[in-house]
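Read top to bottom, the protein sequences are chains A and B.
Read in this note's numbering, the first sequence has 43 at position 39, and its numbers run on one by one without any break.
Read in this note's numbering, the second sequence has 37 at position 33, and its numbers run on one by one without any break.
Treat the hints as calculated values from the structure; they're not laboratory data.
Treat the hints with care, as some may be off.
Since the list gives no way to pick one copy over another, a pair counts as held whenever it fits inside one copy or between any two copies.
Only pairs whose alpha carbons sit at most 30 angstroms apart, straight line, appear in this in silico DSSO-like list of lysine-lysine [said to hold, decoys possible]: (1) LYS17 / LYS151; (2) LYS127 / LYS151; (3) LYS17 / LYS84; (4) LYS84 / LYS151; (5) LYS29 / LYS151; (6) LYS17 / LYS127; (7) LYS127 / LYS84; (8) LYS127 / LYS9; (9) LYS127 / LYS29; (10) LYS9 / LYS29; (11) LYS84 / LYS29.
Number of protein chains: 2
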Amino acid sequence: MAVSKAEIERRMKRFAETCRTGGLKTTHQRMEVFRELAGAETHPDAETIYRHVRRRVPAISRDTVYRTLATLEEQGLVHKAEIVSGRGRYDANMEHHHHFICTACGRVHDFYSPTLDDLPIPKSVSALGRVESTQVQLRGLCTNCAKDKR
Amino acid sequence: MAVSKAEIERRMKRFAETCRTGGLKTTHQRMEVFRELAGAETHPDAETIYRHVRRRVPAISRDTVYRTLATLEEQGLVHKAEIVSGRGRYDANMEHHHHFICTACGRVHDFYSPTLDDLPIPKSVSALGRVESTQVQLRGLCTNCAKDKR
DNA sequence: CTCTAAATAGGAACCATTCCGATTAAAGAA
DNA sequence: TTCTTTAATCGGAATGGTTCCTATTTAGAG
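I would like the entire structure built from these sequences, with the hints used as guidance.
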């Protein structure tokens, strides 16, 4: 189930909008990096994004990809999940969602749950600091890897 | 509030026990790396552990620290949290707990909640794979960093 | 069209982690 | 205790992801 055309369209519009209001130049490279994420569901890492975008923008540099991802995150256009093996993974799905992480292949799957979006935070936490975001991480063997094991 | 003497004692015993049953040699280096974590509450990273242990075992190598941490994790003696900036952080607290991560300083604080230990996992997740562990991550500004900002 | 600040390319640098080959030492057997 | 086996260690080189640096390019304002 790929991201729908309409959703990609919507995300690209938001990108253009954010560039304008944020005073960012809408460079070809920037646009293509975001487009890559707007249509992805696999939480690709920077290297994967780099390889894919290079097909369309052959001269793009890794540095640009990394810088652009950081900029997009600052602007709230993409989400960076620091999950496994120190390799950041990105997605353009800004709805509140949670992650199922496969302990074998490292793949990250989104899932949704209104209940989990609004967790009962214990009082003791207020002593630690002010909570700005919450996220649930589930770990286990994904269906694919479970199949391979047999 | 440091880890109590009794708790450290208990953890060291478990370490010795696990080495025996797991067929691991209880080397001086191994013991000191674990001792460092048994008494820590700060989720130190490998480099920090290395620097501390080196006071007691001056010739210890980074490789040994990294290998030992991996071994201890395999044996279920320590817990590795992959949280920020690709730097693994370790703790010897094996009770089910959750993390409050400061978005400014990156420090990780544990907190406990029986309610959060047993989350209602949405049915849709079963299509993704078999859940083996659950964890809640809260992000925000810790009290310390909030103070500094003012 | 011109100008300027922002952004990019490409390669060097950086840093955490892992690998490798030679050496050491834990622990079971004698 | 001493011997033997083999896991574990050391230290430095290698790796891989990410960031930095500087010259060059370009988006967008005027």
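Quick rundown of the hints versus the structure:
Within a single copy, LYS17 and LYS151 get their C-alpha atoms no closer than 40 angstroms, and across copies no closer than 39 angstroms, so neither meets the 30 angstroms cut-off. Taking the closest pair of Cα atoms, LYS127 and LYS151 come within 30 angstroms of each other only across two copies (20 angstroms); inside a single copy the shortest separation is 42 angstroms, beyond that limit. In this assembly of identical chains, the alpha carbons of LYS17 and LYS84 lie at most 30 angstroms apart only when taken from the same copy (20 angstroms versus 40 angstroms across copies). In this assembly of identical chains, LYS84 and LYS151 lie within 30 angstroms of each other by CA distance both inside one copy and across copies; the values are 29 angstroms within and 27 angstroms between.
Taking CA atoms no more than 30 angstroms apart as the test, LYS29 paired with LYS151 passes in neither setting, with 46 angstroms inside one copy and 36 angstroms between copies. Neither within a single protomer nor between protomers do LYS17 and LYS127 lie at most 30 angstroms apart by alpha-carbon distance, with minima of 41 angstroms and 33 angstroms respectively. Taking CA atoms no more than 30 angstroms apart as the test, LYS127 paired with LYS84 passes in both settings, with 28 angstroms inside one copy and 25 angstroms between copies. In the homo-oligomer, the alpha carbons of LYS127 and LYS9 lie at most 30 angstroms apart only across protomers (27 angstroms), although the nearest pairing inside one protomer, at 44 angstroms, exceeds that limit.
In this assembly of identical chains, the alpha carbons of LYS127 and LYS29 never lie at most 30 angstroms apart, being 44 angstroms within a copy and 43 angstroms across copies at closest. Taking CA atoms no more than 30 angstroms apart as the test, LYS9 paired with LYS29 passes inside one copy only; the shortest distance there is 25 angstroms, against 58 angstroms between copies. In this assembly of identical chains, the alpha carbons of LYS84 and LYS29 lie at most 30 angstroms apart only when taken from the same copy (22 angstroms versus 40 angstroms across copies).
Hints 1, 5, 6, 9, counting from the list given before, are not met by this structure.
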